[in-house]
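Asks: Listed below, chain by chain, are the residues.
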Amino acid sequence: MNIFSLAFKNLTRKGRRTAVLILLTAFLSLAVFGGSVMILSLQSGLNSLEARLGADIILVPSQAQSKVSFQNMFLQGTTGAFYMDASALDKVMEVEGVEKAAPQTFLASLKADCCSIRIQVIGIDPEKDFTVQPWIARSLSRELGDMDVAVGCKVEADVGEIIRIYDMRCKVVARLEPTGTGLDTAVYCSMETMAELLRAAEEKGVSHKIESGDDVISAVYVKVRDGYDIDTVNSRLNGHIRKATAVRTRSMITGVSDSLAGVSRTITVLIAAVWVLAFIILLLSFALIVRERAREFAVFRLAGASVSMLGSMVMLESALCGLAGGLAGTGAAALVLFPFSRLIENALNLPYLMPGLTQVLLLGVLTVVLSVAVSALSSTMAAYRLSRVNPGTALREGN
Amino acid sequence: MKKTRIPAIVMLLLSSLASLGVRTFLSPCVHEDGSLAACHGAGQMLLGLGCVLAVLSLLCLFSSRAAFGAYLSAMPVCILGILTPGTIMNLCLMGTMRCHTVMQPAMILLFSGALLCALTGAVLSAGKKAL
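Just so you know, the protein sequences line up as chains C and A, in that order. Residues 1 to 399, numbered by this note's numbering, are exactly what the first sequence covers, in order. Residues 1 to 131, numbered by this note's numbering, are exactly what the second sequence covers, in order.
Please note that the accuracy of each hint is not assured.
[As the list claims (entries may be wrong)] Pairs of lysine-lysine, BS3-like flavour, derived with a Cα cap of 25 Å:
#1 C:Lys-223 / C:Lys-171
#2 C:Lys-100 / C:Lys-128
#3 C:Lys-171 / C:Lys-204
#4 C:Lys-243 / A:Lys-3
#5 C:Lys-91 / A:Lys-2
#6 C:Lys-223 / C:Lys-91
#7 C:Lys-204 / C:Lys-100
#8 A:Lys-3 / C:Lys-14
#9 C:Lys-9 / C:Lys-128
No lab work stands behind these hints: they were computed from the structure.
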C-alpha cells in the first residue's frame, strides 16, 4: 500500500470529517473564483464602455439633460428621445479643433411593439459614424440598407427575423457583439430608416417635430483633433451652438469608474477576509485532527513508518481535500455566475462583460491550485508537530 | 435507503422546485396592464413539464418494477425542459427581462440536474435489473 492509497482510505474512513474539510475549502474557492470573475467582468465592462463611446464630446439639446440621465442611457439602456435641428452638425464642424463629427437620432419604441418594455432605436450615418459603425462592421460586412436594423446582443432577435417598430417591418441583418453596457439593448439603423420610423411614430401620435421643422438629430458625437485641448473645444462648442450642450464623455465614465472601483474594493476585502478566516479554521482543524489521531500515528511509527512519511501523508490528505473542495467551489460559483450573469448585471447597474472562455478556464485552474496549496500549507504546522511526538508517550497517554 | 431511490428523491425535489418556482419566484414576465407577455406560453409549458417529471419521480420512488422505464421517460422530459425557454418557445424580445435573466437560467439548471439524476437512476436501476 502506498502513501496515496493510505491517505485516500483515511479520508473515506472518516467521511464526516473529510466532508467538513472539503466544504471549508469549497467555500474558499467559491469566494476566490466568484469574486475574481466579478472583478474581471466589471473591468472588461468599463474598458468596453470606453471603447464604445469612442468620442471625446457629445453634443445634445439643452433640454436633454433634464429629460434623461446619459449615464443610465449608456449603462442600463434606458430609453430617451430628444431632438435638435440637424444643422447643428454643420455648426459643430465649423468649430476649430473638431476632427470628426457624427450625428445620431434616438427613438423609443412603443411598449406594445414587442414586449413590456421600450427599446431604444438609434439612427446612425454609416459614412460619418466612428462610434457605432466600427462595432457594426465586425458583424455586418455591408452598410445598413433601407429598413435594415442591427440589434444589440440583448435584443433576442435572430438575423433574418422581422421586428415591428411603430408597425414598420424592420429586418434584422446583424446581431452585435456584447459590450456589457446599455448599448446592448438598442437597435441600430441608418438615418433613412430612422426618417421612416419617425414618420410612422408621428402617425401614432409620438411627435418629434421641433420649432424649426422635422429635419432633426438627437446628438452629435465629436472627436477632437490631436494637439487640441478637449476642454477648450468643449467650451467653444458650448459658446458656438445655441440650445445645445456639449458634454465630455470622460465625465460620464469617471462616475462609473468610481463606482466600479468601490465595488471591486469591497469584493477584494471580502475575499481576503474569507481567506484569512478559512486559513485559520483549517490550521486549527488540522492541529486538532493530528492530536486526535496521535495514537494512530504512534502505531504507524511503531510499524516502521518514518516521520517524513507520516508528515507527507497528512499533507497529502489535506491536499486531496483542497482539490475536491477547490473543484466543488469553483463549479458551484460557475453554476451561479454564468447562467445568471444578466441578473447580476441588472442588479449591479454597472458595465459588466464576462471574460472569455480561456481566461475563465485559467482562473478556474489557478483557484483549484491555490486551494490545494493553502490546504497543504495549513497542514504543515500539524505535520511539524507530528514529527515531535514520541510514539511511546502517545500510546501511554491514549491508555 | 435503497441507492436507486436517491436520484428519484432529488429529481422529485428539482421538479417540484421547477413547478412551484415557475408560478412564484421563477415566474415569467408580467405586464403592468395584466396582458400576457410573450414568454407566458413558455412558463405554462415548463409548469406542465415540471408536473410530469414530478409524477415520473414518484413512480421511480414507489415502484421498483417501473423505475427503469420511468427514469428513461424522464430523460426526454428533462431535455424538453432545458430547450423550452428560448429554443422551442420564444421568450420576450429584450434579454434584460425577467424571463431571460431568471426563468430561463433557473429552469435550465433545474432540468439539467434532473436529467443527471434520471441518467444516474437509469444506470443504477439497470444494474439492479441485471443482477
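Asks: Now tell me, hint by hint, if it's right for this structure.
Replies: Against the structure, the hints come out as follows:
1. Note on Lys-223 (chain C) and Lys-171 (chain C): the hinted pairing is violated, with a Cα-Cα distance of about 31 Å set against a maximum of 25 Å.
2. For the hint linking Lys-100 (chain C) to Lys-128 (chain C), the alpha-carbon distance of about 8 Å falls within 25 Å, and the restraint holds.
3. Proximity of Lys-171 (chain C) to Lys-204 (chain C) is assessed by CA-CA distance (about 21 Å); at most 25 Å being required, the pair is judged to hold.
4. A distance of roughly 76 Å separates the Cα atoms of Lys-243 (chain C) and Lys-3 (chain A); the hinted pair therefore is violated under the 25 Å criterion.
5. Note on Lys-91 (chain C) and Lys-2 (chain A): the hinted pairing is violated, with a Cα-Cα distance of about 81 Å set against a maximum of 25 Å.
6. A hinted pair counts as satisfied when its Cα atoms are at most 25 Å apart, and Lys-223 (chain C) with Lys-91 (chain C) qualifies at roughly 14 Å.
7. A distance of roughly 35 Å separates the Cα atoms of Lys-204 (chain C) and Lys-100 (chain C); the hinted pair therefore is violated under the 25 Å criterion.
8. For the hint linking Lys-3 (chain A) to Lys-14 (chain C), the alpha-carbon distance of about 21 Å falls within 25 Å, and the restraint holds.
9. A C-alpha spacing of about 71 Å is found between Lys-9 (chain C) and Lys-128 (chain C), which places the hinted pair above 25 Å, so the restraint is violated.
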